[in-house]
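Heads up: the sequence lines are chains L and Y, in that order.
Numbering of the first sequence is given in full-length UniProt numbering, commencing with residue 1 and proceeding in unit increments.
Numbering of the second sequence is given in full-length UniProt numbering, commencing with residue 1 and proceeding in unit increments.
You may find that some hints are simply not true.
[Stated by the list, open to error] Reference listing, derived: stretches of chain Y covered by chain L, where coverage requires no fewer than 3 residues with Cβ under 8 angstroms from a Cβ of chain L: (1) 190 to 202; (2) 220 to 230; (3) 233 to 241.
By construction, these hints were calculated from the structure, which means they are not laboratory data.
All C-beta atoms in this analysis are idealised placements derived from N, C-alpha and C, irrespective of residue type, glycine included.
Next come the chains, spelled out residue by residue.
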Amino acid sequence: MSEHTTTTAAPAKQPAPTGRTTSGGGLLAGPVGRNLGLVVAFALLCIVGVVTAGDRFASADNALTILRLAAVVGVVSIGMTFVIIGGGIDLSVGALVALSSVWATTLATQAMAADTHWVLMAGTAILVGAIAGLVNGVVIAYGKLVAFIATLAMLAAARGLAEILANRRTQIVQDQDFLRFFAASPLGVPMLVWMFALVAVLGWVLLNRTTFGRRTFAVGGNAEAARLAGIRVQRHTVALYVLSGVTCGLAAVMLMARTTTGSSTHGTLLELDAIAAVVIGGTLLIGGRGTIVGTVLGVLIFTTLSNVFTLNNLSSSAQAVAKGVIIVAAVLLQQRVAAGRRQRRSPKALPPTAAEGAPAGASPGVPAS
Amino acid sequence: MSARHRRLLTSTVALLGAGVMVTACTGNTPEASSSGGGGNNAASSNDDTGDTVTIGFSAPAADHGWMAQITAAARAEADGYDDVDLVVAEGTNDVSAQIAQVETFINDGVDAIVLLPFDGAALTPIALEAMQAGIPVINVDREFDDPDAARVTILGDNYGMGVSAGQYVCSQLSDKPDAVVAEVAGIDSLPLTQERSQGFSDALSDCGLDVDNRVAAEFTVESGEEVTANLLQAAPQIDAIWNHDDDQGIGVLAAITNAGRDEFFMVGGAGSANAMRSIQAGDSVLQATVIYPASQAADGVRLARLLAQGKALSDLIDVEVPRQITLSAPVVTADNVDQYIDSAFES
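Can you build the whole structure from these sequences, using the hints too?
Shown next as structure tokens:
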């Protein structure tokens, strides 16, 4: 709305507003601006929470509860962000979480862990996730299967295997050291929240500050161009799915700690929650663009939503409706922000847009920059 | 009730008969529960070997402990009879696949069909077809739309479960008229969840209480943990919680432990061995659970055999097997847990 008024005002007193809007554009181009829709939605949710539930919402305990609930889906969503930015999709994450949690809690694994250390259980879960991710990646990158189909197949197969391994029973984690470690709260913040924070920070660094991250954007943006630029696209694709698998294994460990069980029903429909969080976080489903910050905000919005609904004693069905509305509203809002940015640039018209397209393609030709 | 007592009696006899040596080497619960199905030690002539009958059995996929026990108990029951040939179709949550299974049973000309439909309404037409083909259908747990579609219907008592839980909560909180009662329901869209909740609130209103906070999980451990973590935030002070299902109850208990809350007591549902061990040990907020018998399909197999062999229930004077049997939903507490733990299912 406000962008619209500034653009109509623009012709009247041209120099000043353009200066203002470009600076606004600079701000909007930053991580906060790109996630403006999310920040607004999140702030609104928090206001609703404070108004309707008062102190029960606005307490440190509740904030930690929300973060703890966000942790599992959050870790998976970070992995999912990489896969989607890289131009793929991973529908198997929920099933991989189930498989990893079951494999890590079988009697055999638990017996081995009891003889050695609980780290063995955690390691098993992550290894299982990584191997399943490797299978996904190889099938997609070298088998040339569409990611949607390959991971759909993995979804079915992994959950089936989990059911066979667990014999469809819930497996209880016996190792008290394992449970104690993850139930601890260093500096007053639960271990699971620390893990989520750590994964998010590592994910951010990996995506924004390393070659791996830049290659991910390149592969997702235009795989052919990336190949011509000398990136081993297939190998990189495999790495992305392995990364997603590892986050699934980690999420399985966290879920085992939270629920004290491993079960083939863990992570049911987790893939949809993760994809929803990633998408409302501003990551393009066709790949090539996305942020970790947006994903984290997306996860927090959904978890806060269910928290606020429960605090007000509302049904889970109403919650599902609200979730759907938020997905659409957040994406629409982002499109407006993006469109508004394009509109604001249009007075200065072609040169900047050309320049915007330029850096990637043209910088080799402009030695000065 | 009388059927239950008889079962208890038979299993006790079986345990004694099995000898003292057994008690020394195994405390295995499945052993004990399956021995109740042996059938060689009942008082009537019904268990004498008769004409060999083929019984078709179909149930949803055993994706949780209770359902796994349903099929396992039915198999164990059939194994106890020399004259029963149980054909078990692969458990499925796909309605059309289950219809196909029943069609196969009809084509094969089985003597009786024990059917726990994934969806009672959807399986009604094919069950009617079986009945018209002269094959008695024993409907277990989830009722058909049409009473003519089954010769016998065996049901757990979902409404009664809610009532039992509510009455137990009332008995514990009778002196606190403003007590806070919370409910962790199962999948909200299922009729059985609605019946349980209805029974619970009806029973509570009889003693002037009501459900202050209600959340719905999905019968899985993970969902139980999730909704309970939020629930505990929503209600800073609780006096009692009823959780519909002991499978998801593991998650509910984990959330309670995580939050460090213990000012209330909790009542479970379904009656898993796990929950009963907790009740026995008395080391958690779980004080009681309400049974939803996992033996109903096994009872269905027994009745199917009686029907196919033209026999009747021995403890009834009537010469026919009854049309409908609703199983009781008793409350298990530390006082009577020993009586039920042997027949409980592993989640």
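Taking the hints in turn, this is what the structure says about them:
1. Look at the stretch 190 to 202 of chain Y against chain L: 0 of its residues bring a Cβ nearer than 8 angstroms to a Cβ of that chain, fewer than three, so the hint is violated.
2. Here's how the stretch 220 to 230 of chain Y fares: 10 of its residues keep a CB closer than 8 angstroms to some CB of chain L, so the rule of at least three is met and the hint holds.
3. Here's how the stretch 233 to 241 of chain Y fares: 3 of its residues keep a CB closer than 8 angstroms to some CB of chain L, so the rule of at least three is met and the hint holds.
When held up to the earlier numbered hints, the structure conflicts with hint 1 and nothing else.
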